[in-house]
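Visitor: Each chain, letter by letter, is given below.
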Amino acid sequence: MEKAHSKHNWKSNTLPALVTVGPLTLILVLLVAIPLIYVVVMSFCSIDQYYNVEFKFTLDNYKRLISPDYMKIYGQSLLIALVTTLLCILIGYPFAYIIARTKSKKKRLLYMLVIIPFWTNSLIRIYGWRTFLGNNGWLNSILQTLHITNEPITFLYKQGTTVLGMVYCLLPFMIFPLYTALEKLDGSLLEASSDLGAKPLVTLREIIIPLTSGGIFSGSIMVFIPCLGYFFVSDILGGGNSDVIGNLIERQFQSGNNWPLGAALSIILIAVTLILVRIYKKMGGDMESLGV
Amino acid sequence: MKRQRKAKCKKGISIIFVTLVYLFLFLPISVVVVNSTNATTTKPYLSWKGFTFDWYIKLFENDELLGAFGNTMIIAIVSTILATAIGTLGAIGMYKYKFKGKGIIDALAYIPVVIPEIVLGISLLTIFAKVNIPRGMLTLILAHVTFSVPFVIFNVRARLAGYDNSIEEASMDLGANRIVTFFEITLPVLAPGIAGGALLAFTLSIDDIIISYFVYGQTKTYPLKVMESIKSGVAPDVNALSTLILIATIGLVILTQSGLFKKKKEN
Amino acid sequence: MGYIVELEGVNKIYGSNHVVRDLELKVEEGEFLTLLGSSGCGKTTTLRMIAGFEEPTTGSIKVEGEAIEEKEPFERNVNTVFQSYALFPHKTIFDNIAYGLKMKKVPKPEIKKRVTEMMELVQLEGFEKRYPSQLSGGQKQRVAIARALINRPRVLLLDEPLGALDLKLRKQMQLELKRLQRKLNITFIYVTHDQEEALTMSDRIAIMHDGVLDQLGTPTEIYEQPKTKFVATFIGETNIFDGQINDIKGSDISVVIENGYISGRGDGFKTGEYITVSVRPEKLKFAETPQEGFTVPALVKDYIYVGSIIKCIVSLPNGNELKIERLAGEKLPDIGSTIYPYWNREDAVLIHNRDNMVFETIDSITFN
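Chains as they are written, first to last, in numbering that gives the first Met the number 0: chain A, 0 to 291; chain B, 0 to 266; chain C, 0 to 367.
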């Protein structure tokens, strides 16, 4: 009897569980867990004179991480990420509020219009900005034609341009979670608040923002973290004057060819990610809302 | 009267603000579209030399660019199919069954979403190098499956949240075995979530640069081809191809959306 | 043997949670049996074990004499009506009802014929092409029943099928279900927490409490002769007295309670035993002076009018309240007056107290 039961259990549970979760587990273990562990291991490795990775334990890579040149770039990268995130909130919140709470039938269209730019490759769009802002670019042509300026103004290759590119690339990631949060917001709560004597701004502060803070948090995570790694944005728009941590890593894996140092640099990004996710969860953030 | 005027004013400001944001989002795209008709033939292809459709013809003579675009499509389609199948099954399995290590799998699934792409890219590069998998189509597909699987899981899971398990029991109660139940009930009911996940996976795949950048070897994708040409100036045929892709996707959206609306009404 | 479903020594344990304990239940062919109890009593788990969605931890379940614990739900000739209806949201009403036949690979023309018949039976003609989301609660309910009946099961399991309907619709559906059951002559095993529903519809009721089958009997038996304190309080309103037997003369039993003596009639009790006495409000009488065997005074506190019935609330010196029920217009004592409640001895139900052991242990402790 007992034996028959356990056999039945196998049939009804273990096998389906294996078939469904098995392939996923394989992918996540072989292509996420093991590679990341290997990066950690590599960050403690040294290289020989031909830049081959040697499995000899060293802390040199970490010592190099705290060199003043690098420190400057970390600071710059964090500053760019912070400013980008704040700008995304400032633009994204009112924007998401307006399209989420519109009663117009065009709501779906308005939402789709945020997604459509994604279907043009982000690299090409960023290059589009360069074409627009360059010394011979559209903006300067317009300004000169209108005689607002005689000499072309240099817009490119500044930290500001990198921030612009980052905001451009990442704004939708702020808008999506905010839109979801604001759409769920029960309209009768706003009516109740104003019924009880709250002016619109008070309602915003007391009701709307607290109830949609989850969206703000998840949007901020989705903007801040990628910002540290988007090396191509600062490459194309910042022209080497506004490197982010991603540029440092990219260089070690391509031209610099010092993989262990690149691995150690990636540990910084992993650490920042872990800390931010920790804070996000502490504040009651829902991991699921980061992905949808 | 005063209230009406105030409301109108508010509405006006809203419309202006929203329009400005859309302008911001679409500005570089309009640059791309306009530049695809630029008659200039000298690098870096920036100054306006008049209007032409030549680039749309020349595009089809540029085998390298077309090849890269073909690679992008192959990788996107294959990785989307794989990621959708693996992610959907995984999400269902995690929802239905209890087993040891579930928490770990759950945590691992979040990593590709939150970690900067560059970290995922270099970690895959190092492991592929370590186990001597030659970089190329295979590594690109594996990488794309890895970063898109979690998005499929989350989409399917969102659908599962409103899922009534008893419809599966009802199906089995009425004589359908597990496999029939899966195809007759589970899959169709979860279909919108699965489709959403697949669409996201596809979009992420065709747009990806950073991760592909580290694992491509000799197989260049369309974004990588663009990246390569950026130093010398992006030729208008690249812009022409982008414009065509944009038009195709918008057309597809209009088609499917209108189809969806019709179905909605029926329901 | 006439038994269509037999549960023998069935236990269900989830971790440390013993949900169903040593359940013995034999269901007769063609009867309407109700599993009644409050939430968490194990009634739904019992139903799900018969359906095959749960496996008993120990024990056997037989349908038509054949052990089925090893069978998958789709191999069992029983069908279920789910509490949430569990209609397939992506299939039309026709396809929902046809599902069971499709699984049996019945030819299409016959499917069409049988589904049409079934839709007539549950009065859903004309809804074939709709989707579940376009139906009202009552209509969904009918679809769920039709879908479960299409395979002509020997036993239909119903898990609180009317729970989501409003009162009026529920009353109507109760009658319809009963009509359907008589007409099709199928065995119904029906789970509910609503005692009134159970009393109206069932041939027999099985009352479950904390995973244990407290009592199995006809509605009249359950109402008139509850075997446990739980059954007495769960079915209908009643007045409960806990006390100790101080004297037995033949079948007449005298019980001492906190504020005096009360009496009842019964067999198989011992002097000194702790028991529970249950008296229905409509059986309660009152007098201005103590009656023979009844010496408990009570203060009249309030009246409640419930349609054609008046309830009188009286309180005992220890604060416990009793309810007396009369038809409107009958004479009742004034508020504030003191009365002595009593009853015909045979109207009281005497129940062995399960806590006897506890009391005996407490009694045996000697204080210095």
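Honestly, I wouldn't trust all of these hints.
On the chain B side, residues computed to face chain A include the following (Cβ under 7 Å) [claimed, not checked]: (1) Ile15; (2) Thr18; (3) Leu19; (4) Val30; (5) Val32; (6) Gly89; (7) Tyr96; (8) Phe98; (9) Val148; (10) Glu168; (11) Ser241; (12) Leu243.
Listed next, the stretches of chain A that the computed footprint assigns to chain B, with coverage defined by at least 3 CB atoms under 8 Å from CB atoms of chain B [as the list claims (entries may be wrong)]: (13) 192–198; (14) 206–218.
These are calculated hints, taken from the structure and not from any lab test.
Where is the CB? At the ideal position from N, CA and C, for every residue including glycine.
Visitor: Does each hint hold? Answer for all of them.
Guide: Results of checking the hints against the structure:
no. : hint    : verdict
1   : Ile15   : 11 Å, violated
2   : Thr18   : 11 Å, violated
3   : Leu19   : 9 Å, violated
4   : Val30   : 4 Å, holds
5   : Val32   : 9 Å, violated
6   : Gly89   : 3 Å, holds
7   : Tyr96   : 4 Å, holds
8   : Phe98   : 5 Å, holds
9   : Val148  : 6 Å, holds
10  : Glu168  : 12 Å, violated
11  : Ser241  : 5 Å, holds
12  : Leu243  : 11 Å, violated
13  : 192–198 : violated (count 0)
14  : 206–218 : violated (count 0)
The structure does not agree with the numbered hints 1, 2, 3, 5, 10, 12, 13, 14 stated previously, though it agrees with the rest.
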